[in-house]
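Chains as they are written, first to last, in the numbering used here: chain A, 1 to 344; chain B, 1001 to 1355.
For the record, the hints were derived by calculation from the structure and aren't laboratory data.
Be aware that one or more of the hints could be misleading.
[What the hints assert, rightly or not] If the Cβ cut is set under 8 Å, some of the chain B residues that face chain A in the computed set are:
hint: 1; residue: 1028
hint: 2; residue: 1030
hint: 3; residue: 1034
hint: 4; residue: 1070
hint: 5; residue: 1072
hint: 6; residue: 1171
hint: 7; residue: 1316
hint: 8; residue: 1321
Using N, Cα and C, we set each Cβ at its ideal position, and we do this for glycine too.
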Amino acid sequence: MERKECVFLDRSNHSQPNTTSPSTARPVLFLLLGIGIGYLITKVLVWPIMDLKSHTNRTGASTSLDIDLTDEVRVLCYVYTKPINHKTQAQAVLETWGRRCNKLIFFSSRSDLNLTGSVELPVSPYFRESWLKTKMALKYLHDHHLNDADWFLEADDETYVVMENLRYMVYPYSPQLAIYFGSPGTVMSRAALRRLVELSLPNPSKCEQKNAGPTAEKLRECLENVNVLAGNTYDSEGRRRMYLIEPQARSNLFLHYDSNIWFWKFLAYRTQDGIFAWSNYAVSFHYVQHRYIHCFEYMIYRLRTFGRKQIVESLPPKYNPAAEKDQGAPRIGSDQDVPADYEY
Amino acid sequence: MGSLFSPKKILQSQYTMILVMIRNIIFLVLGIMLGIRLTDFIGYLKLWRNNDLRASEKAALLKYPVASEEHLATWLRREVRILCLVLTMPSSHATKAALVNRTWGARCNKLIFMSSQTDSNLNILQINKSESRKNLYAKVRTGMAYVHKHYLNEYDWFLKADDDTYIVMENLRLFLYPYDPESSVYFGCRFKAYFSQGYMSGGGGYVLSRDALRRLNLFALNSTTICKLNGESEDVQIGHCLQDVGVIAGDTRDFQGHHRFLPVNPFTVFPTILSNSWLEGYFFHKPNKSDCCAASAISFHYVKDFEFELFEFFLYYMRVFGLHRTPRALPSRLGFRQMNERLQHWSQQVTDNKN
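All chains should be modelled from the sequences, with the hints used to inform the complete structure.
Written as structure tokens, this is what we have:
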């Protein structure tokens, strides 16, 4: 009996070390193996999804664009000015929003070495804008810069344009679609510019040949007669994106409704004006004095309120690709490319 | 016996194998989780090397990694309680005071207007003194005494402003958050004066801590030897009173030397503060000439009525498509020792503006 017990105990004693020694080694090995697998999972799956590089770029420069449309939507900005405004208004445009244009051209009666991109036109030095100047500018752009940009933005030196919001507004439309936005001719697509210069300006029946008269009305007539569409510049909530008149100018010039003033004719919806009627993605401000231009730059891009909500932005879908294909099929020279009652 | 032992042995060995297998699987899973976490943390550290946040902000963000800037601002509104005292007059009730009431005044924790007449649309503390520049000082003294009597313990900071001042309240709270309201300090746009500490420009607004307001009322306004009631400018006199009772003038410039409190309108000083202007000679600290204004600016003065609308639009509504801004974290709160070091540093500052 005793001997049997001894044998039993002896066997159990012998077997216990045998079972424990492999088990003590294995957990550490499995732990290390798990760490390795975790590393691989993170490398292969998690980091590509997070895309750390773009995140790093985001945090590196506080003013870099998260969605950058500068190269995708190329905008040529041409600014009407006059010699006495070169050092103040035009210089302010050059130093602020003009830098964000893909190409910037100043049309004036005199060329200026200090004003980069200035082009001399043989017009009167006393008027910033005139119909003759507009026609000459459009021909110049068509002859020299038609393929340099997708969109052509017309402005004067008392304008402030938020270029990112402009690109966002015109992004859904193809530059091959003959369309313009804003006060007639403010933003024209390449097709619209081609159609205007090649078909409308040389034709007396479509575009008046006289050099005098209000520019906006004549330009609208010329564009409409060659079936260039007028785009919608209101946002999804019906607020204006363009032609935001700074309140001081509003209080001075447009305090009361007057059907003879062009502004009220232009404002088709005739809504009340004020910051509540302005879109959050505002595009252009007008009658902005040069100090205000610099101040707009500071307030829009530098001054920050703590606690502004960060919203997730995305690009809208491209507009009607099927119609675009139909557009592409006929020649540009045809008069019947786009019917006047075309709906989009 | 043999047959009995055999099943037991088999069961035992199977049980042991199962246990070992489970343990190994558990360690494997723990290892995987640990591996993912470690790799992610290493990437996180690499990420922060490229970040331009300061160390204190980084620490704060690590401490509260979930809170967004919007949430922090909402929380900050209760954490930094600011009572706003706004000087106005009856002729401005419907225009400037109403604009303040509708715009930045709505973001104060408490808004009180000081005027000689009452108005049902505004929260007005009526002070029966005729409206003139000579009475501004007396008006402000009365307002400070009233606030000290009724609201001293309900609010942390006490802001005095004019009705043509625009205050970015969120940036003010962000600026004040690190500082202890029980320390004897006040902030504003610091100007030079005939007394050593200088004073804070009244039009650009100045903000007193609770202890500063307490000292002002207990030791200065009740005194017959210091802080006399005379016809000098309100802001100069208040600055002199505060210096006499040991309230220290704080520094409100950002790390680039830009003043956060501006006694002028940015529309009139852009692109830079002009040389030989009336403003340049007033500053206690020489202004940064390369640029006008701070990115975290707090106050502006001589704001016209339509410019209130522009400020509201650009600060709270306007968006630039695709422009991403790095979310910011709250700076660390200063401890007792750090606060005293800061106060001592500020009290030893001398003006570097010799104009």
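Taking the hints in turn, this is what the structure says about them:
1. Satisfaction of the interface hint for residue 1028 of chain B is found here, the shortest Cβ-Cβ separation to chain A being roughly 4 Å, below the 8 Å cut-off.
2. Against a cut-off of 8 Å between C-beta atoms, the interface hint on residue 1030 of chain B holds, since the closest Cβ of chain A lies about 6 Å away.
3. Checking residue 1034 of chain B against chain A by beta carbon gives a least distance of about 6 Å; that is within 8 Å, so the hint holds.
4. For the restraint placing residue 1070 of chain B at the interface with chain A, the shortest Cβ-Cβ distance is roughly 5 Å, inside the 8 Å limit, so the hint holds.
5. The restraint placing residue 1072 of chain B at the interface with chain A holds, with a minimum CB-CB distance near 7 Å, inside the 8 Å limit.
6. Annotation: residue 1171 of chain B was flagged as interfacial toward chain A, and the flag holds, the nearest CB pair being 6 Å apart, inside 8 Å.
7. Interface restraint check for residue 1316 of chain B: the shortest CB-CB distance to chain A comes to about 7 Å, inside 8 Å, so the restraint holds.
8. Against a cut-off of 8 Å between C-beta atoms, the interface hint on residue 1321 of chain B holds, since the closest Cβ of chain A lies about 4 Å away.
Every hint, counting from the list given before, is met by this structure.
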